[in-house]
Structure formats: C-alpha cells, structure tokens
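Trainee: Per numbering that gives the first Met the number 0, the sequence shown starts with residue 0, numbered consecutively.
Hints were generated in silico from the structure; no laboratory data involved. Among the hints, erroneous ones may be present.
To be verified - Label pairs and their calculated CB-CB ranges:
#, residue 1, residue 2, range
1, L106, G145, 32 to 40 angstroms
2, E169, A42, 16 to 24 angstroms
3, R105, V142, 37 to 45 angstroms
4, D154, P198, 27 to 35 angstroms
5, M210, P72, 14 to 22 angstroms
Beta carbons: idealized from backbone N, C-alpha and C, even for Gly.
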Amino acid sequence: MANCPGSTARPVLTTRRALLGGVGLATAALIAPAVAATRSDSAELSPAFAALIAANSAAEKACKDYNANVCTPLFAAARAQWEMLPHTTAVINDRVYCTAEHQDVRLSRAIVAGIRDKKTGRAHRDFTAAAMLRQRAKDRIWVHSGAAAAGAQADQLSDVWADAQGSVCEHPVSTATDLHAKLAFMLEYGMEAEDGWFPYLVADAARVAKMEGR
Numbered sequence: 000m001a002n003c004p005g006s007t008a009r010p011v012l013t014t015r016r017a018l019l020g021g022v023g024l025a026t027a028a029l030i031a032p033a034v035a036a037t038r039s040d041s042a043e044l045s046p047a048f049a050a051l052i053a054a055n056s057a058a059e060k061a062c063k064d065y066n067a068n069v070c071t072p073l074f075a076a077a078r079a080q081w082e083m084l085p086h087t088t089a090v091i092n093d094r095v096y097c098t099a100e101h102q103d104v105r106l107s108r109a110i111v112a113g114i115r116d117k118k119t120g121r122a123h124r125d126f127t128a129a130a131m132l133r134q135r136a137k138d139r140i141w142v143h144s145g146a147a148a149a150g151a152q153a154d155q156l157s158d159v160w161a162d163a164q165g166s167v168c169e170h171p172v173s174t175a176t177d178l179h180a181k182l183a184f185m186l187e188y189g190m191e192a193e194d195g196w197f198p199y200l201v202a203d204a205a206r207v208a209k210m211e212g213r
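Let the hints inform the model, and build the full structure from the sequences given.
Mentor: Quick look at the structure:
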C-alpha cells in the first residue's frame with residue numbers, strides 16, 4: 000500500500016510485509032544486538048508506550064481471529080462451490096484447450112484479439128466466452144457466499160493492525176526501556192528500519208542519550 004504523493008503518512012510498506020510474514024533478515028541482524036544491549040529487567044514501560052503495544056496486540060488478535068474464524072471457512076466453502084462448476088474443453092486446430100488451464104484461456108484470448116481466420120476465430124471466441132461465463136459464476140458465488148464482504152472486512156482489520164504497528168514505531172521514546180521494547184517489537188514483526196523507520200530510531204536514541212546525560 001503506497002502513500003499518496005506529498006503525503007506525510009507513515010511508511011506502511013514494511014508493516015504490510017510484516018503482516019504477511021516477511022522478515023527483514025539484514026535489519027534483524029542489526030537490531031538484535033541493540034535489543035540485547037538495551038535490555039532492562041527492572042524498569043517498566045512508560046504508560047503511553049505500553050498502551051500502544053497493547054493496542055497493537057488487540058488489533059493483531061482481532062485480525063487473526065477474524066481470518067481464522069470467519070474468512071477461512073467462508074473462503075473454503077466458496078472455493079468448494081467453484082470446484083462444482085463445470086469446465087469447458089475444446090479442440091482447436093488439433094490443440095486441446097481447457098478452461099481449467101489459465102494459460103489456455105490467455106492464449107485463446109490473445110488469438111481472438113489478433114486472428115483474421117473466421118473459422119478458427121469463432122472456435123476461440125466460443126471458448127473464451129465459456130471461460131468468461133465460468134468466471135462470472137465464480138464471482139457471483141464469491142459475493143453471495145459472503146466471502147467478498149468477509150475479505151473486505153479482513154482488509155480493514157489488517158489496515159487497523161498496520162496502523163497500530165506504525166503507531167508503536169512512530170511513538171517518541173525517551174527511556175532505554177522503551178527503546179529496547181521498540182527495537183524488540185520491530186525485530187518480532189520483521190519491520191525494516193531502512194524502509195522508513197530509521198529516522199524514528201535515531202531521534203529516540205538522541206532523546207535517550209539526552210535524558211541519561213542529565
């Protein structure tokens with residue numbers, strides 16, 4: 000999900016990748032030692048920062064629970080109905096085309112777009128029309144089964160979770176304990192500093208150094 004030109008919105012590309020399970024290994028190698036170095040067992044997180052981490056945990060749970068309890072069964076049921084839709088097979092110029100094969104459909108569409116042979120063109124047009132009708136039937140099933148609405152809701156919950164992650168990384172911290180928690184958070188979710196979070200960490204480190212130098 001890209002920011003609009005001129006936008007001051009947070010860099011969410013990394014967060015999106017984190018939600019999908021991607022981990023920045025290079026960044027992890029850099030952050031891990033810092034996490035160990037800033038660890039403090041005695042101090043507690045500042046209330047505001049602790050609240051943001053808790054909000055992220057709640058958003059993560061809501062997102063994962065909805066996907067597991069709502070999306071997964073609805074999607075599976077819709078796909079089972081898809082499997083019941085018959086496929087169309089056609090032999091055109093001694094080649095077998097089947098709507099179950101995406102490459103066959105793409106090839107046939109390309110041929111329809113450029114062919115001048117009316118006889119062969121008619122066969123390909125019939126085949127691509129059959130593929131289109133099947134796809135429309137799949138689309139209707141996806142909507143009527145509730146899968147489409149569930150997917151849209153899942154996207155919204157994912158956005159909330161992404162924003163919650165971003166809020167944790169954006170929050171200005173001024174204690175070593177909070178900085179450790181932020182670094183550990185980024186390591187846990189595979190959030191790469193190079194993708195836009197690094198300036199926040201630099202500012203955090205400066206604040207911590209200033210506070211400890213008093």
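Trainee: Is 14 to 22 angstroms respected by the C-beta to C-beta distance linking M210 and P72?
Mentor: Since M210 and P72 have Cβ atoms about 50 angstroms apart, the given range 14 to 22 angstroms is violated.
Trainee: Holds or violated: 32 to 40 angstroms for the Cβ distance of L106 and G145?
Mentor: Holds: the Cβ-Cβ distance is about 34 angstroms, inside 32 to 40 angstroms.
Trainee: Is it true that R105 and V142 lie within 37 to 45 angstroms of each other by Cβ?
Mentor: 24 angstroms, violated
Trainee: 16 to 24 angstroms was suggested as the range; check whether the CB atoms of E169 and A42 agree with it.
Mentor: 22 angstroms, holds
Trainee: Take a look at whether the Cβ-Cβ distance between D154 and P198 falls inside 27 to 35 angstroms.
Mentor: Holds: the Cβ-Cβ distance is about 28 angstroms, inside 27 to 35 angstroms.
Checked against the numbered hints above, the structure breaks hints 3, 5 and satisfies the rest.
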